[in-house]
Amino acid sequence: SAVISQKPSRDICQRGTSLTIQCQVDSQVTMMFWYRQQPGQSLTLIATANQGSEATYESGFVIDKFPISRPNLTFSTLTVSNMSPEDSSIYLCSVNFGNSGANVLTFGAGSRLTVL
Amino acid sequence: DAKTTQPTSMDCAEGRAANLPCNHSTISGNEYVYWYRQIHSQGPQYIIHGLKNNETNEMASLIITEDRKSSTLILPHATLRDTAVYYCIVRPSGGSYIPTFGRGTSLIVHP
Numbered sequence: 001s002a003v004i005s006q007k008p009s010r011d012i013c014q015r016g017t018s019l020t021i022q023c024q025v026d027s028q029v030t031m032m033f034w035y036r037q038q039p040g041q042s043l044t045l046i047a048t049a050n051q052g053s054e055a056t057y058e059s060g061f062v063i064d065k066f067p068i069s070r071p072n073l074t075f076s077t078l079t080v081s082n083m084s085p086e087d088s089s090i091y092l093c094s095v096n097f098g099n100s101g102a103n104v105l106t107f108g109a110g111s112r113l114t115v116l
Numbered sequence: 001d002a003k004t005t006q007p008t009s010m011d012c013a014e015g016r017a018a019n020l021p022c023n024h025s026t027i028s029g030n031e032y033v034y035w036y037r038q039i040h041s042q043g044p045q046y047i048i049h050g051l052k053n054n055e056t057n058e059m060a061s062l063i064i065t066e067d068r069k070s071s072t073l074i075l076p077h078a079t080l081r082d083t084a085v086y087y088c089i090v091r092p093s094g095g096s097y098i099p100t101f102g103r104g105t106s107l108i109v110h111p
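Chains A and B, in that order, give the protein sequences. Position 49 (the first sequence) corresponds to 49 in this note's numbering; numbering is contiguous. Position 80 (the second sequence) corresponds to 80 in this note's numbering; numbering is contiguous.
Watch out, some of these pointers could steer you wrong.
Label pairs and their computed distance ranges (CB to CB) [unchecked claim]:
1) A:Ile12 to B:Ala13: 35 to 41 Å
2) A:Lys65 to B:Gln42: 22 to 28 Å
3) A:Ile63 to B:Thr79: 41 to 47 Å
4) B:His110 to A:Asp26: 32 to 38 Å
5) A:Ser53 to B:Lys69: 37 to 43 Å
6) A:Leu73 to B:Met59: 26 to 32 Å
7) A:Gly40 to B:Gly15: 28 to 34 Å
8) B:Arg103 to A:Thr56: 22 to 28 Å
9) B:Lys69 to A:Asn72: 41 to 47 Å
10) B:Ala17 to A:Phe61: 39 to 45 Å
11) B:His40 to A:Asp64: 29 to 35 Å
Partial chain A-side listing against chain B, Cβ under 7 Å, derived [unchecked claim]:
12) Ser42
13) Leu43
14) Leu92
15) Val104
16) Phe107
17) Gly108
18) Ala109
19) Gly110
Rather than coming from a laboratory, the hints here were simulated on the basis of the structure. C-beta atoms are modelled at their ideal positions from N, C-alpha and C, and glycine is treated no differently.
Work out the full structure, taking the sequences as your base and the hints as a guide.
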């Protein structure tokens, strides 16, 4: 399976600032996915990042708030802009990776963001 | 997008089998059942998947009913490290379909 490195693993930020989360995959993948996990909640898909095109955002998420870059097939960034305490969450990067014919999602360890 | 229903929480004694049920009564013919788990402060981890036959790997067994409307994930000898939230998801294999995660089952393995 793919190995995904995310950084930062955690951060504490001030209201109104922005933070960029990086996701590095050890193999080339077509699509990369960004999820948010609010405290005590399940995972919610933010957007799908394809190399060479704009990200596709899910309902309730907009590019101005969560700009995404996908400069190549192994790397993506998610920026959380103009942060408020409501943005305190774990942000997870994920890729689809074949596993003996399966279509398995592999996740990074996540970036735990606390906004004061 | 077939929905799944899982109990909110379960507990199990260490060394015993943990049997986690999942109801997916609206599953369609080309959808597989996947199980993931999320240990606290980590990203979700793939466990196992199946279509209609029972499956077993080094982590767990998956039992799917004949009508495919429900399944059970079995951890044969649960350890404290198996304490996690377990997610049951249905999705087609292959393609670009992105699964959605429900609330899952919080399994607590106690000594």
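The hints, checked one at a time:
For the pair isoleucine 12 (chain A) and alanine 13 (chain B), the beta carbons lie near 38 Å from each other, so the given range of 35 to 41 Å is met. A beta carbon spacing of about 26 Å between lysine 65 (chain A) and glutamine 42 (chain B) agrees with the range 22 to 28 Å that was offered as a hint. The supplied range of 41 to 47 Å is met by isoleucine 63 (chain A) and threonine 79 (chain B), whose beta-carbon atoms lie about 44 Å from each other. Between histidine 110 (chain B) and aspartate 26 (chain A) the Cβ separation comes to about 37 Å, which falls inside the hinted range of 32 to 38 Å.
Under the hint 37 to 43 Å, the C-beta atoms of serine 53 (chain A) and lysine 69 (chain B), about 38 Å apart, fit the expected range. Judged by the Cβ atoms, the range 26 to 32 Å given for leucine 73 (chain A) and methionine 59 (chain B) holds: they are separated by roughly 29 Å. Restraint check, glycine 40 (chain A) to glycine 15 (chain B): a C-beta distance of roughly 29 Å satisfies the suggested window 28 to 34 Å. The beta-carbon spacing between arginine 103 (chain B) and threonine 56 (chain A), approximately 25 Å, falls within the hinted interval of 22 to 28 Å.
Roughly 43 Å separates the CB atoms of lysine 69 (chain B) and asparagine 72 (chain A), a value that falls within the hinted 41 to 47 Å. Take alanine 17 (chain B) and phenylalanine 61 (chain A): their Cβ atoms lie about 40 Å apart, and the range 39 to 45 Å holds. Distance hint check for histidine 40 (chain B) and aspartate 64 (chain A): the Cβ-Cβ separation is about 32 Å, which falls inside the suggested range of 29 to 35 Å. Because the beta carbon of serine 42 (chain A) sits about 5 Å from the nearest beta carbon in chain B, less than 7 Å, this interface hint is met.
The criterion of a C-beta within 7 Å of any C-beta in chain B is met by leucine 43 (chain A), whose closest approach is roughly 4 Å, and the hint holds. The closest approach between the C-beta of leucine 92 (chain A) and any C-beta of chain B is roughly 5 Å, which is under the 7 Å cut-off, so the hint is satisfied. Of the supplied interface hints, the one on valine 104 (chain A) holds, with its beta-carbon coming within about 5 Å of a beta-carbon of chain B, less than 7 Å. Taken as an interface hint, phenylalanine 107 (chain A) checks out: its beta carbon lies about 3 Å from the nearest beta carbon of chain B, inside 7 Å.
Residue-level restraint check for glycine 108 (chain A) holds (minimum Cβ-Cβ distance to chain B is 5 Å; threshold 7 Å). With 7 Å as the threshold, the beta carbon of alanine 109 (chain A) comes within range of chain B, its nearest partner Cβ sitting at about 5 Å, so the hint holds. With a cut of 7 Å, the hint placing glycine 110 (chain A) at the interface with chain B holds, because the nearest CB-to-CB distance is about 5 Å.
Violated hints for the displayed structure: none, as all numbered hints are satisfied.
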